[in-house]
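As you go down the protein sequences, you meet chains H and B in turn. full-length UniProt numbering puts the first residue of the first sequence at 1, with every later residue one more than the last. full-length UniProt numbering puts the first residue of the second sequence at 1, with every later residue one more than the last.
Don't read these hints as lab results, they were simulated from the structure. As the structure is a computational prediction, the values presented were derived from the model and not from experiment. Check the hints yourself; a few may be wrong.
In this list, chains with the same sequence are indistinguishable; a pair is considered to hold if it fits within one copy or across any two.
[Claimed, not checked] Only pairs whose alpha carbons sit at most 20 Å apart, straight line, appear in this in silico DMTMM-like list of lysine to aspartate or glutamate:
1) K38 / D122
2) K59 / D122
3) K138 / E182
4) K6 / D88
5) K131 / E180
6) K56 / E2
7) K159 / E186
8) K23 / E134
9) K165 / D185
10) K138 / E162
11) K60 / D71
Protein chains: 2
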Amino acid sequence: MEFSSKLLENAVYEMSQLPGIGKRTALRLVLHLLRQPKAQTDHLVTALGTLRSTIKFCKKCHSISDEDICDICSNLNRSQDTICVVEDIRDVMAIESTGQYRGLYHVLGGKISPLDGVGPQDLNISSLIEKVNEGQVKELIFALSATMEGDTTNFYIYKQIEGLKVKISTIARGISVNDELEYADEVTLGRSIVNRIPFENALKSP
Amino acid sequence: MEFSSKLLENAVYEMSQLPGIGKRTALRLVLHLLRQPKAQTDHLVTALGTLRSTIKFCKKCHSISDEDICDICSNLNRSQDTICVVEDIRDVMAIESTGQYRGLYHVLGGKISPLDGVGPQDLNISSLIEKVNEGQVKELIFALSATMEGDTTNFYIYKQIEGLKVKISTIARGISVNDELEYADEVTLGRSIVNRIPFENALKSP
């Protein structure tokens with residue numbers, strides 16, 4: 001692509017560094033900004049700049065927060081001895097939107113993935129182990145992706161705290177609500193049979 | 001979607017104002033920036049900010065340019081009496097990349113579209129008519145989209161300069177190179193038969 005303007009070329013290049021945004025899409029987005037009132041670009045630029053320079057990570061759960069301690073961690077109405085281990089803040093938002101969980105979170109910031117060069121030391125694992133070691137955690141809920149990397153991370157953490165007095169659970173894997181059985185893959189279906197639950201529990205579920 | 005941080009919410013909102021970017025994609029992009037070194041966000045913010053505040057539009061062809069007159073308009077090796085009328089700078093880039101055109105351009109900045117509230121006065125049409133009226137234009141090539149709006153815009157300009165001594169042509173509509181006849185729509189196929197060209201011309205084409 002040849003550009004008539006260095007400024008335009010530069011803006012398109014920087015935009016195309018975002019994941020899933022190619023050169024053509026980047027050009028479309030930048031041209032859109034040029035057609036809109038200048039205020040829109042100003043707002044975008046300010047929002048991104050301020051976010052990146054002043055954003056904090058909660059000192060307890062490592063989630064994104066405006067304060068040193070996030071709203072969830074500082075909410076005393078939530079049970080302080082249950083910790084749900086998630087990959088990133090999107091998972092916190094997803095679980096929060098269900099309205100079914102009233103404990104705290106711990107954001108790892110990723111999962112162990114040797115192929116991507118992510119080891120345990122790159123994640124917020126040591127602070128989690130510390131929390132458990134302090135003895136104030138009654139239950140740890142693993143809520144990572146059901147992938148090889150997620151399972152590896154679960155297992156790594158499990159090995160680190162094995163023997164400590166803490167209940168460790170993982171979110172249920174099974175058939176999605178509204179899914180037809182015939183379209184479910186066999187691993188999921190198999191697990192859902194092995195880990196079947198009393199029908200009374202299912203009746204009580206939302 | 002509930003956000004744990006106002007700053008994050010604001011950044012996601014501004015990002016989702018871009019065309020084709022929903023809230024979820026915006027969140028993914030913003031979280032990506034947070035994971036990357038701060039320099040990447042700085043570069044993006046500076047590039048967009050500088051572009052929007054210092055970009056110029058060529059005074060002759062209205063294309064995006066770093067100078068008052070763009071490189072194409074100031075290139076005396078290009079034939080100054082042929083003007084290709086296009087919608088926006090992306091079309092200029094597309095035509096330039098073919099290497100087949102050595103004239104000048106005129107960027108309208110859109111096409112007449114009553115449904116979107118875009119009338120002739122919103123486009124760079126009057127300056128085009130002026131150029132033609134000055135009598136230095138020998139040929140005007142319409143290269144707008146082959147849509148209702150494109151055709152309307154073509155016809156509007158045509159009506160304004162009807163009777164003036166200028167050759168008016170439009171880019172050929174026909175079967176795309178490498179396309180199978182059976183998959184072509186009937187309007188395109190019909191036009192390509194009506195506007196058939198001497199085989200010798202096709203032989204000479206690139």
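The hints, checked one at a time:
1. K38 / D122: So K38 and D122 pass the 20 Å test across copies only (17 Å; inside, 40 Å).
2. K59 / D122: within (16 Å within a copy, 53 Å between copies)
3. K138 / E182: neither (39 Å within a copy, 69 Å between copies)
4. K6 / D88: between (37 Å within a copy, 17 Å between copies)
5. K131 / E180: neither (41 Å within a copy, 66 Å between copies)
6. K56 / E2: between (40 Å within a copy, 17 Å between copies)
7. K159 / E186: Neither: 28 Å inside a copy, 67 Å across copies.
8. K23 / E134: For K23 and E134, neither the intra-copy (50 Å) nor the inter-copy (39 Å) Cα distance is at most 20 Å.
9. K165 / D185: neither (36 Å within a copy, 71 Å between copies)
10. K138 / E162: This pair counts as within: shortest intra-copy Cα distance 14 Å, inter-copy 84 Å.
11. K60 / D71: within (11 Å within a copy, 56 Å between copies)
Violation of the numbered hints given earlier is confined to hints 3, 5, 7, 8 and 9; the remaining hints are satisfied by the structure.
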